[in-house]
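These protein sequence lines map, in sequence, to chains A and B.
Position in the first sequence (from 1) plus 21 gives the number in the working numbering.
Position in the second sequence (from 1) plus 59 gives the number in the working numbering.
Think of the hints as simulated: they come from the structure by calculation, not from any bench.
Warning: the hint list may mix true and false statements.
[Unchecked claim] For lysine to any residue, the following SDA-like pairs were computed, each having C-alpha atoms within a straight-line distance of at most 25 Å: (1) Lys390/B <-> Ala401/B; (2) Lys329/B <-> Val65/A; (3) Lys390/B <-> Pro251/A; (4) Lys427/B <-> Glu139/A; (5) Lys390/B <-> Val241/A; (6) Lys294/B <-> Arg270/B.
[Stated by the list, open to error] Computed, partial: chain B to chain A, Cβ under 10 Å: (7) Asn146; (8) Gly312; (9) Gly452.
Every value quoted in this text rests on a predicted model; they were computed, and no experiment measured them.
Each residue gets a CB set at the ideal place from its N, CA and C atoms; glycine is no exception.
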Amino acid sequence: MSDEKKDLVPEGGALSGGPEAVDVRTGMFGVRGSGDTSGFGGLVRTVTMPGASPRPYGGWFDEVVDILAEVLAEEDVAFDDAVPAVVVDRGELTLHVAREHLLAVCRALRDEQDLRFELGLGVSGVHFPHETGRELHAVYHLTSVTHSRRLRLEVAVPESDPHIPSSTPVYPGHDWHERETFDFFGIIFDGHPGLARIEMPDDWVGHPQRKDYPLGGIPVEYKGARIAPPDQRRSYN
Amino acid sequence: MADSRMHATGAPLPDDEDATVFEAVGGDWSDIAEEAARLGEERIVVNMGPQHPSTHGVLRLMLEIDGETVTEARAGIGYLHTGIEKNMEFRTWTQGVTFCTRMDYVAPFSTEAAYCMAVEKLLRITDDVPERAQAIRVLLLELNRITSHLIAIGTGGNELGATTIMTVAFTAREEILKIFELITGLRMNHAFIRPGGVAQDIPPGALDTVREAMPLVRRYLGQLGDLMLANPIFKGRTVGVGHLSLAGAMALGITGPVLRSAGLPYDVRKAFPYLGYETYDFDVPTSTDADAYARTVLRLEECYQSMRIVDQVIERIQQMGPGPVMVGDKKIAWPAQLAIGADGMGNSLAHIKEIMGTSMEALIHHFKLVTEGFRVPAGQVWQTVEAPRGELGVHLVSDGGTRPYRAHFRDPSFNNLQGVSLMCEGGQVADVVVAVAGLDPVLGGVDR
């Protein structure tokens, strides 16, 4: 993971309206610094995630976003500050939420009777090591049993300051999910009742689901041929 | 950040470093009790598991007890963590099925189906999956729900000392495992559902086998009902035990039979239908007792509802007649058809003949698809299914490559185990086993 690569990734992304650039890939087949003459070594590909969507979002998405904006306005929170981007992709609604407003957004989504996302199904993490300033993403999956709706909250934080307020005061069921995300990604959920490792041993060092954490494994030999562990094999990405 | 003086549960460690530790590895409990009484310890922490037959795998329960009463209960997990999610990031999208089917090994089809539907959503081909493939998936999912509930009921009964309940349940499960073996070739870890459809069509005669097995399963279910539902000992052990109110279940995100036993008819098959579940006729049984007994009744009831769906789906597959079981897009479907040869199941000879003898392009295509896999457009999706234990969610992120960028599984058992404290505290030590059996956790899914 070179630092030069970080400079290649354009900043802003989803927050400025365009597609969210998360990485720039060069080369192919995992060839690094060898005498590759195929030409594939010269490939450059920007990896982009779907960016902010323009209105109308379609279906009930507009209604939910409007009501959420109203409820937040009552608490003197500007919607654009709390939710910098709304992404509609593959029929699913994602709200990118600023971490300082996460609890207000969760509370509004759970308590407002026209929203009622009362079932918090969990938190998962994603690591984009080359998205400068937004390396770690926490993704919350909320369901409204009342209205049969689903949406997703996404909070991005820098690796150098991986703090997000815990959502457990609103969704107590996120307790273990946040512990897992802390365990695997090192995102620190402030205010969590007991943020300890859950899957890895208590004294484990490092956060295994981060992209710079090796998969591990040993080479396997069979009839004289040596097969590298999966994370050191040729890849096509 | 957790400080080093914290326990795995987040509770602070006891101040006295030299507290007496008893190790119970067989032997006589009364010796330990006498010794504890002699020392006059008031606070006794019992560590149950991770190696304990009644913990459904390697679940560790930390119980603080006062006499026979549990004053605090915490679950410790992670003993079966194998990094399946991390491993999936280093395999193709198709190979991912082979990994995720090993998570919840009692209900492998649920995980497979959720994962494959998520990949299909990422590829935007959900509507292209052939109807026949969807029906086969429904058939397997519902049969799997029955086997999974039979395990829950059977092992739950065994933990109460009623071995007959277990033997009957396992005998019934055997009938369905035979069907799985006939259709997928395996009794567990099938990897049969694939992105775009299923690995191959059901073999001839499979529907008749299902038809013949169903009355047997129904008879065993009847026996289980007769054995359990009016049994005074069974009722004495389970009625009112492991109570979890609707508010508690909702707050903790608990789904499946445990939530329905508290009265909310929330079932993903009804709330967010997938695989055409909205076209099948079935009910969602509920109860308001919210105890271990109600959960057993619901599981039995759900088995009968699943059999209703199975009856409908085999009729449907019969009427459909032969047809494709994989999307038409040759860039996604596995290039080779499987066939049975002299040395067992493998690529069909006709296909080998074509790629080796007649078409260089077909050979290249086969090679690229099998070694490199297909590319999936960048983005993220969330797909859930109603697994036997609750709502199973898959969060998939693609960066446009040939392998998942991130695959996260929200396993219902993982979430539901959070309810252990609420269900066990204030009850008897013996009731802990009943309460946990009512949650029916499968640690393969919990720890992944």
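#### Entry: chain A contact restraint for Gly452/B - C-beta distance below 10 Å
Constraint on Gly452/B satisfied, holds at 6 Å.
### Task
Hold the hint about Asn146/B up to the distance rule: shortest CB distance to chain A must be less than 10 Å.
7 Å, holds
### Query
Does the structure keep Lys294/B and Arg270/B at a Cα separation of 25 Å or less?
33 Å, violated
### Query
Does the alpha-carbon distance linking Lys390/B and Val241/A stay inside the 25 Å limit?
Violated, at roughly 31 Å.
#### Entry: Restraint status (C-alpha distance of Lys329/B to Val65/A at most 25 Å)
46 Å, violated
### Query
Is it true that the CA of Lys390/B sits at most 25 Å from the CA of Ala401/B?
29 Å, violated
### Message
Against the 25 Å threshold, does the CA-CA distance of Lys427/B and Glu139/A hold or violate the hint?
### Response
Not satisfied, since the Cα-Cα distance of roughly 46 Å exceeds 25 Å.
#### Entry: Pair hint Lys390/B and Pro251/A, alpha-carbon separation not exceeding 25 Å
24 Å, holds
### Task
Return the status of the interface hint for Gly312/B: holds when the least beta-carbon distance to chain A is below 10 Å, violated otherwise.
Given a least distance of 3 Å, the restraint on Gly312/B holds.
Against the hints set out earlier in the document, violations occur for numbers 1, 2, 4, 5, 6.
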